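Generate the whole structure from the sequences, applying the supplied hints.
Note that the protein sequences, when read in sequence, are chains C and D.
The first sequence begins at 1 in our numbering and counts up by one.
The second sequence begins at 1 in our numbering and counts up by one.
Simulated from the structure, these hints should not be mistaken for lab results.
Just so it is clear, the structure is predicted and the values come from calculations on it, not from any experiment.
Keep in mind that the hints are not guaranteed to be accurate.
Calculated pairs, DSS-like style, for lysine-lysine (alpha carbon to alpha carbon, straight line, at most 27 Å) [as the list claims (entries may be wrong)]:
no. : chain 1 : residue 1 : chain 2 : residue 2
1   : D       : Lys-79    : C       : Lys-342
2   : D       : Lys-499   : D       : Lys-486
3   : C       : Lys-353   : D       : Lys-79
Given next are the chains, with one letter for each unit.
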Amino acid sequence: MLHATLKQLSDGLTSGKFSSVEVTQYFIKRINDLNKSLNCFISVDAERSLAQARAADALRAAGNAQRLTGVPLAQKDIFCARGWLTTCGSKMLSNFVSPYDAHVIERFNAAGAVNLGKTNMDEFAMGSSNETSFYGPVRNPWDRERVPGGSSGGSAAAVAARLAPAATGTDTGGSIRQPAALTGICGLKPTYGLVSRYGMIAFASSLDQGGPMARTAEDLGLMLNVMAGFDTRDSTSLQRDTEDYNRDLTKPLAGLRVGLPKEFFAAGASADVIKAVEGAVAEYRKLGGEIVDVSLPNMALSVPVYYVLAPAEASSNLSRFDGVRYGYRTSDYGNLAEMYEKTRAEGFGAEVKRRILIGAYVLSHGYYDAYYIRAQKLRRLIAQDFVEAFKTCDVIMGPTSPSTAFKIGEKSGDPVQMYLSDIYTIAVNLAGLPGMSIPCGFDSGGLPVGLQIIGNYFSEARMLNVAHQYQLATDWHVKMPPGCEAFKS
Amino acid sequence: MKWEVVIGLETHAQLSTASKIFSGASTAFGAEPNTQACAVDLALPGVLPVLNKGAVERAIRFGLAVGAKINRRSIFARKNYFYPDLPKGYQISQYELPIVEGGSMTVLVGDTEKTVRLTRAHLEEDAGKSLHEDHHGATGIDLNRAGTPLLEIVTEPDMRSSAEAVAYAKALHALVRWIDICDGNMQEGSFRCDANVSVRPAGTDKLGTRCEIKNLNSFRFLEKAIEYEVRRQIEVIEDGGKIVQETRLYDPDKDETRSMRSKEDAHDYRYFPDPDLLPLEISEKLLTEVEENLPELPQQKKKRFVENYRLSLTEARLLTSSYNIAGYFEGVAKTSLMDGESLGSADFKLCASWVINDIAAKMNEEENLPPWAFRVSSETVGHIIRRVREGIINAKTGKELLVRFWDEGQRKSAQSGGYIHGGYLQQVDELIRDEGLSQVSDGSAIEKIVDDVIQANAQQVADFRAGKEKAFNSLVGQVMKATKGKANPQQVNDILKRKLAE
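Listed below in structure tokens is the structure:
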């Protein structure tokens, strides 16, 4: 079971090789043994998970099983799940038990999947290292002195360390892809609007998108088949026909036009990362791909544009955390203003406060035009670059992150350095495009490197095909971090 | 110095949708606190707004009714500020691109017509309520009202007196009910005004510094608040002071306005487009649909009443003061027709007089009677008028029937707790038959009674012959009394005159 993919677990459940209760117990045991040293999970509730597993087994016995019935999955703690503590990595929600299910959780429940627990994350998804979590940093299974990336670091580390066969993540500026790259797993951020945001605690509404994290492209497709779909409760959700995202997995890649933006390979990424990515590109050439040079001239602007728009939206989205109706409230206050000030001063961490301040500043009277409006205009230019690029290629490839996993504490004192770790991923969110990361090698220190694949709008099936064919030809994705085989760490 | 008063109004009209503007919770008034607040209204983490199409249709309806431009694309923005009854920490409103722009309303101030230009009307959500009593020193929050749809209707600074402002507010109040987008219930806060007031030396163009008086929920308070504020501003300036731009509250108990917050304390609302809501696009189809369902507007109806029904302007104005009255009047006219008559030959003057004088009088007897709650149906009233016109009963009997039915309707309604009409169309004829209400038009019968009356009232006859006209009325009264009011009054007049002249 240790190395089983989601697909293999699903097949094993179908053939009766094992039951959902057995699989769930297996992963709960792994969590119990390894989570202390990795800190992947904020909440685990074995009883609740096993109850779901028993229900799944009953469903199967009655002949009503679907593809993911009975498989255990980890859920990022940004998704509201009824009856579960849902903290978003923040002290502010450290006492918030959600009374309702997010759309994504509803879909997994309806599919009969088992919730293994809620994974650790940067506070309100603001961070690229998982160090901003109120619940402490997640450790990278490949090197426990290093970060797993963020903000979906708990999900990434849990999947890499085989504490869960797959997990959900959310990606506002790279929060699925960058931790996937840093932990050697696969992660997909779908086209904006494909996965409902209902019940996914908002960071930056126009950029946030939920997506799957798993060890193979095929598993991502199985997850996305459940997660994607129109939801009337999210006005930005897109009404489209249902599709099987794994329908094209086996298509050969002959004639695939792979666009390489020169900006992705200019100075900035480490030599090891560039080497691994170039190796992957060579592999694609072997698989029948043809390489096309493309350019994303405005990509350099994506980090500053993002750090105007995302904090602007966040400053407003996080206003509801005021201590009035739920969540943390300061214990000692004399009046309303003091209640607000102390609640928010004590309830939010430093990075969240920094972004609220930036956001309030760029939206304030007299600065709005210079920052917010200009950033919106540039956002359109950045998206237009991709439209141009996709006229000559089918997918764009490059590094996911400029470096492999960095040390805990290495960048936490320097926000700008931290922000730059998302330089290759942010533009994709600004354009609303789908992007994914798959493992494509290791650096000289043995840390995984991620290959980023960016597709055109709604080309998820094609991207999964592109990733799957690579995974048939290579074995980077089956490597396991050292020290994760044993039950005791 | 002579001063000119300049007033602009911002009115919040609560739109009459069954559910809230961005959630499915009910908008019904008066429920237990927080029982009509769903996850979205409570602003739980992760929830999202979904726009109620009914609110959009009502805003379009209003825009069309005032001849405004309907923006085919408008934007919802977030207005950010912290307050405990504002659950999200921002209000979703429209800022730079509202759904309705421009338009105007023509209102009657005394006998002159006045046109007030509208700046815009935009959709927004209401906040909850803070309850400062009964919570042992703490403040209670009721979020039932949070998310209720509002249309904020903003005028240009076109009004020059409290009377003009009140006339506009009343006309607007009638219009929103007429087009059925707001119930207009001012006690429940469904229709409330903010007044922007400034003064300037008469004959000058530059606007003075304005003060905004918030939340005026009756026409009387609107009038008194403006009048107080005008006096205050003139006094301040004449004493050599300066008006400070600020928000003020009107205290009806003390009849004065008080400073609430000055411009310096004003919030920076940090407006920006709400990323949870796509720009609101209005299709040609929706626009056409709303337009086709728009009722005839008061101005059009008034014109038609004057031109087609040959009513006076005053009558037409009174009858079009509300949609219900106008509809009632037309219903009465329709059923007042005699066999073979077409609407064109109806006695509109007579019907108008019944509705304006008799029905209105009965309506006014009851406080808090909803404007649509006529105690007798328009069909029944029309039928009574028909029988009068046919000469079957006289007008006095007819009006007695109306009052009788009305009181019965009132009684039945009070018993049932609902609204029940008194009487019914057929009952008019049943009562005429069973109680012998038909008027006596038999000339010889009347002549005999007249002879008796003349004989028994020698003094009055002498007085009349001596030139006292009043004595004639007294004699008519005697004849009517003798016939229990059923004699045809015209015939009584004619016969009496003839006999007295003999």
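- Task: Could you check the structure against the hints above and give me the numbers of any it violates, in ascending order?
- Result: No hint contradicted; all consistent.
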